[in-house]
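Trainee: Use the sequences and the hints to build the structure in full.
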Amino acid sequence: MRFSLIRDKRLHLIPALLLAVLLLLGAGDDSARIDRIGHQLMCVCGCNQVLLECNHVGCSYSTRMRDELTAAVTRGDGDNNVVQWFIQTYGTTVLTVPTEHGFNRIAWIMPYLALVLGIGLVVIIVAVWKKRPLAVHASVPTAVRGVELDRFRDQARRETQL
Amino acid sequence: MAELGSFVLLLALALSAYSFLAGLIALIRKQPGSERLSETARRAGIASFGAVFTGAVILVTAAFRNDFSISYILHHSNRDLPLPYKFATLWSGQEGSLLFWSLLLSGYGLVLRLRHKTDVRLFAHASVVIAAVQVFFLLLLNFAAKPFAVIQTAVPPDGNGLNPLLQYPEMVIHPPMLYLGYVGFTVPFAFALGALAMKYPGEKWIHITRRWTMVTWGFLTCGVFLGAHWAYSVLGWGGYWGWDPVENASLMPWLVGTAFLHSVMMQEKRGMLKTWNMWLVFGTFWLAILGTFLTRSGIISSVHAFAQSSIGDWFFWFLIISLGTFTFFFVKNRSHLRSEHKLESLISRESSFLFNNLLFVLACFTVLWGTWFPKISELAQGKKVTVGAAFYNKVTIPVALLLLLLTAVGPLLAWRKTSFESLKRNFLWPSLGALAVGIVLVGLGVRPWADVSYFYALVAAMLAALVAFTVISEFIRGGRVISGHTGENLAASMVRLWHRNTRRYGGYIVHFGVALVFLGILGTPFNREAEKEMAFGDKLALGPYTLLCRSYTQEENANYSSDLAIIQIFKGDKQIDTLYPESRFYTASQQQQHVPAIRSTLKEDIYVVYEGQNQDTGRPIIKAHLNPMVSWIWIGLIVMVFGTILSLVPNAAPMRATVRDSKEARVPAHAAPVGAGD
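Those protein sequences? They're chains R and U, same order as listed. For the first sequence, this note's numbering begins at 1 and goes up steadily by one. For the second sequence, this note's numbering begins at 1 and goes up steadily by one.
It is worth saying that the hints were derived from the structure and are not from the lab. All values reported here derive from a predicted model rather than from experimental measurement. Hints may contain errors.
Straight-line Cα separation of at most 27 Å, DSS-like style, residue types lysine-lysine; simulated pairs [as the list claims (entries may be wrong)]:
no., chain 1, residue 1, chain 2, residue 2
1, U, K394, U, K332
2, U, K417, R, K131
3, R, K130, U, K274
4, U, K539, U, K394
5, U, K417, R, K130
6, U, K199, U, K146
7, R, K130, U, K424
8, U, K274, U, K117
Beta-carbon label-pair distances, calculated as ranges [what the hints assert, rightly or not]:
no., chain 1, residue 1, chain 2, residue 2, range
9, U, A149, R, T89, 38 to 48 Å
10, R, D67, U, D80, 12 to 22 Å
11, U, A149, R, I87, 39 to 49 Å
12, R, R75, U, Y580, 39 to 49 Å
13, R, T74, U, L139, 53 to 63 Å
14, R, S60, U, V111, 46 to 56 Å
15, R, K130, U, K603, 40 to 50 Å
16, R, S60, U, D451, 50 to 60 Å
17, U, Q568, R, I87, 41 to 51 Å
18, U, K571, R, R36, 24 to 34 Å
19, R, T89, U, K375, 17 to 27 Å
20, U, K375, R, I87, 45 to 55 Å
In silico contact screen, one side only, chain R against chain U (beta carbon under 8 Å); selected entries [claimed, not checked]:
no., residue
21, T63
22, G78
23, T96
24, V97
25, P98
26, G120
C-beta atoms are modelled at their ideal positions from N, C-alpha and C, and glycine is treated no differently.
Mentor: Okay, here's the thing in C-alpha cells:
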C-alpha cells in the first residue's frame, strides 16, 4: 500500500517534470533563436552596432527592439516572419548585411567577381609578359665593356644587393 | 590669442601659396634666375612650417589656459579635463584635427626641403606638390573650418568637455600615429608626381622615397592597430574591429600602401611595374584623402565620426582636382614608364608580387565597395542597406588567407625563375611544420567540418605557422652559412645576416609579426559571452571561469562620477583576479560611458562590462566576454613595428672575400647570395 502511494506520487510528478523539461528546452531553443536572429539585426539608433551587441548608453531603441524580438520568438513566429516584421517596421537598414535578392545581390557578387577577374588579368599579364621580346636582341656575342659593362654591373648589384 | 592664431594661419597660407606658385613658375620657365626663385619658394615652404607650428601651439595653449572665448576650446575642453587630454584637444575636433594635419604636412615638407641637396630638381618638384596640398588645407583652416573662431555671446565659465570616448590614454597617441601615416603618404606621392612630371630618369626617386614610404607605412600601421586597441578597450562591445566606415577609411590606404611597398621592389630590381607603382602611390594618397572626405562629409554614417561638417564639398573637389592633375601628367608622360624586363616564369618572385598586389588591391576594393554600397543602393533603388561586419568577414577572409599564403611563399621564390629543387629545399620543413600544427589543432578539438569559421581558423593557423617557419628557416639557413664562414655563433651570425640586408630581414620580421596578428584574429570564432543581472554574491559562468559579484561602489572626481562593479574571477575554486568594470558619467559633457575591465593573458582575455542597470528591475547588468588569443594581435603589432625599424637601418658595408685557392675556400659556391636580394 505504502509502495503504491509513493508510486502514485511519482506518477503525478512525471507530467510536471515533462512539462518543466519541455519548457526549459523551449526556453533554451528560444534563446538560441533570439541570439541567431538578434545577430542578423542592427540597432537602428545610429550606433552602427548589431542589436544584441549594442551597449550604447541610454539607447532608446535597442531595449525596445530586444523586447520586440523576444516577444515575437516567444509567441512562436518563424525566423523569416520575425525578420520580415523588423524590416517592415524599421526599414531595410535593420538587416546587418544586404539580402541576397535583387539589386542587393550585386553587393555579394562584386568582390568575388573582382577576385576572379583579377586573377584572370594577372594570368594574362604573366602570359603576355613572358612572350614579350627583349628590348635588345642578341647578335654575335662580343665581350661586354665600358658603359655597357657598368650597366650590367649596376643591374647585378641591384638584383643581388650585395 | 585668437587673433594671433588667425593671423599666423593666414600667414601660413600666404607662404604656402607663394611656395607653390613661385616653385611652379621656376620649374616651368627654366630661365636664368629660376634657381633663385625656386630657392625663395623652398624658403617660403620652410617658413610656412613655423607659422603653422605657431598656430598649433596657440591652440594648445588656449586649451591649457581654458580660453573658452575660442569656440573650438569651448566645445572640446573644460577646466577639469586632465592635462594630457587638454593636449589631445588639438586633434579632438574638426578644426583642430585639420590644423594638426596641416602641421604634420608642413613638418614633412620642412624635412623634405631641408634635404633638397639630395637631388635639387626632384625635390623642387616634390616641394611644389606638397605646397599645393598644404594650400588646400590652409584654405580650409582660414575659410571653412576656423580653429580660432571666437564665440559671439558671453564667455561661459566652463567648456563642454572632451567626448568621453576620447578620454583614454591611447587617444593621446593613436590619432597622431594615424595622421602621420595619412599625411606622410603625401611625400611619396609628391615625389612620384614630380618624377612623372619631369620624366625623371632611372629609379633614383624610388630609392629616395623608399625610407619615407616605410616610415609612413610604419606610422599608419601603428595608427590602425592602436585604433583597433582603443575600440577594444573603450567601446565595450568586446571586439576590436567592427568594419565601421572610419575604420575602413584607415585600412584602405594601408592596404594600397602595403601593395606599393612590395611592388616597388619590382621596379627597383627589375625595372618593371613602373606605371602600376605610380598609380599605387597616387591611390594611397588619394584614399587617405577619400577617407577624410567620407568621415568629414557625413555622406556615410559612422559611430566614430567625431567631426562632421559641410567641408565634404571641399574634399570632394580636392579629390577631383588631384585625380585630374595626376591623370594629366600620366597621359602626357606615360611613355616614360615602360618596363625594362620581361617576366620569365610564373613561379618567380615577380609573379608572387603580381598576385600579392592583386590581393591587396582587391582587399581594398572590397572594403571600398562595402563602405560605399549603402550609398550605391540608395541611389539605385531608393533605399539604404546596411553593410555590417558579417559581410566583410565573409568576403575578405578568403582574400586574407591567400595573402597569408603569399606572405609565406613569396619571399622564398627566386627572382626570374624558381627551380623545383629550390622549392623543395625552402618549403619542405616549413610545410611539414604547418601540417603538424594543423594536426595538433584538430587533435585539440578544432573541427573544421563543424563550422566554416572553424575551417578558416584552422587554415589561418596553418598558414600563420607556415609564415613563421619559413621566416625562422630563412634566418637559420643564412645564419648557418655566415657562421660557417666567420666562425661566429648562430645568433651573432643571424644578426650579421640581418645587417647585410636590413630591408629583407627586417621585412621577414614584419611578416613574422603579421603571422602573430593572424594568430590573434583566428581566436575570434571561439569567443564566448555571457550576460546576467548580478546582485551581490551572484555568479556568472564563462567557459572555465566563474565571475562572482562582490560589490558595487561609487567614485567621483572633478571630471566624472563612476559606478564600479567589483567582480572576482575564479578558475575552479581558486580566485585568480578581481576586475572593476565601470560606468562613468562625465560632468561637463553630461555623457555616460562604459569602461570595460580586461584581464589579458597570452591565452585569452576576460573582458567584463558593467552595462548599467535594468530599467525595469533596477538590477545591475554584467556582460562578460572570453576572447581567446587577442593579446597576440598587439604582440604582432610590436613585432611589425620592430621589423619596420630594423628594415630602416642602413646596410652594413658588403663583405669582400678573396678566394685564394679552391681548397682554401671555406664558403660553398651556393653561399654567395646569402642575405642578398629581397
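Trainee: Next, verify each hint and record whether it holds.
Mentor: Checked hints:
no.	hint	result
1	U:K394 to U:K332	violated, 41 Å
2	U:K417 to R:K131	holds, 15 Å
3	R:K130 to U:K274	holds, 17 Å
4	U:K539 to U:K394	violated, 36 Å
5	U:K417 to R:K130	holds, 12 Å
6	U:K199 to U:K146	violated, 39 Å
7	R:K130 to U:K424	holds, 24 Å
8	U:K274 to U:K117	holds, 25 Å
9	U:A149 to R:T89: 38 to 48 Å	holds, 43 Å
10	R:D67 to U:D80: 12 to 22 Å	violated, 38 Å
11	U:A149 to R:I87: 39 to 49 Å	holds, 44 Å
12	R:R75 to U:Y580: 39 to 49 Å	holds, 40 Å
13	R:T74 to U:L139: 53 to 63 Å	holds, 59 Å
14	R:S60 to U:V111: 46 to 56 Å	holds, 50 Å
15	R:K130 to U:K603: 40 to 50 Å	holds, 49 Å
16	R:S60 to U:D451: 50 to 60 Å	violated, 35 Å
17	U:Q568 to R:I87: 41 to 51 Å	holds, 44 Å
18	U:K571 to R:R36: 24 to 34 Å	holds, 30 Å
19	R:T89 to U:K375: 17 to 27 Å	holds, 23 Å
20	U:K375 to R:I87: 45 to 55 Å	violated, 20 Å
21	T63	holds, 7 Å
22	G78	violated, 21 Å
23	T96	holds, 4 Å
24	V97	holds, 4 Å
25	P98	holds, 5 Å
26	G120	violated, 10 Å
Of the hints listed earlier, those the structure fails to meet are numbers 1, 4, 6, 10, 16, 20, 22 and 26, in rising order.
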